[in-house]
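Protein chains: 2
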Amino acid sequence: MIEISNAELSVMQVLWQRQPLSANEVVAALGNDKDWHEKTVKTLLNRLVSKGALGFDKDGRAYLYYPLIAEQDYQLEQSRSFVERIFAGRVAPLVAGFARQNKLNADDVQQLKQLIADWEQEQHHD
Amino acid sequence: MIEISNAELSVMQVLWQRQPLSANEVVAALGNDKDWHEKTVKTLLNRLVSKGALGFDKDGRAYLYYPLIAEQDYQLEQSRSFVERIFAGRVAPLVAGFARQNKLNADDVQQLKQLIADWEQEQHHD
DNA sequence: TTAAATGTATTACAGATGTAATCTATAGGT
DNA sequence: ACCTATAGATTACATCTGTAATACATTTAA
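For the record, the sequence lines run as chains A and B. Take 1 as the starting number for the first sequence in our numbering and just add one per residue. Take 1 as the starting number for the second sequence in our numbering and just add one per residue.
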């Protein structure tokens, strides 16, 4: 399993949004949120390539980077391991925490209801 | 915010289960799951005390350790920051991932339905 | 054609973390 | 009253991470 650090994740998220991007484009995209030196971003790109999380094509002397792992796969694996570690594998208590803190909005609830409906539908299928 | 590392978390979880415990009792409790040297566990206890995550009372030359932060508070904060980082703050997509992977069981769904019912109830009382 | 600019690669360095070993003080046995 | 076993404190050390600076190569402007 490829380990992606917090800072590296921000870089991945830029490239999951739009790809491929040159290093400078990544720097620019991060500029809004992060106050990182250009050199820092280049280091992160480099480490992500070493780890096998990013690939690149050459465009003259510059590289165009793109993700080698899908955001959804990453999200699934991270969710699984987080819920395992913190909630002994059960997701409901996590949602309960959000509910208790009024962190659920109508959209969330709507989506959860739909998920439940789908799940129950699935149970009936033979 | 106190940062608790992965290894340290396992120690906290033992003490959230039962408290207070001597270092040796913690070592014993961890013995089932982890293959850690006694010295390693002592180091983790020490770091957790330094970080303010554990306190202790003296019992002769030994210490009896107990958590200074509540498991529920820790879970809430970790959930919040995880969902923020990975899912832009919305919890429903996380649950959707579990659903897609058939990681929801009837209990989970039952609890989610209850949460939703409570939430909707709450919306009504002005 | 040569020098400057710019892109990537390499090196840097402090703090956190995993994983202990060693040091020091003292409770308890003889 | 001592000695020894043991508990906690301190030190160790490699790797990962955040955060760059410097080195090196090569495109391109003059």
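None of these hints come from the bench; they were simulated from the model. Do not rely on the hints blindly, as some may be mistaken.
Copies of one chain are not kept apart here, so a pair can be met inside one copy or by any two copies together.
Each computed DSSO-like pair below joins lysine-lysine, with the alpha-carbon atoms no more than 30 Å apart [what the hints assert, rightly or not]: (1) K113 / K42; (2) K113 / K58; (3) K58 / K103; (4) K103 / K39; (5) K39 / K113; (6) K42 / K58; (7) K103 / K113; (8) K103 / K42; (9) K51 / K113; (10) K51 / K103; (11) K34 / K103; (12) K34 / K58; (13) K113 / K34; (14) K39 / K58; (15) K39 / K51.
Find the hints from earlier in the document that the structure breaks and name them by number, from lowest to highest. 1, 2, 3, 4, 5, 8, 9, 13
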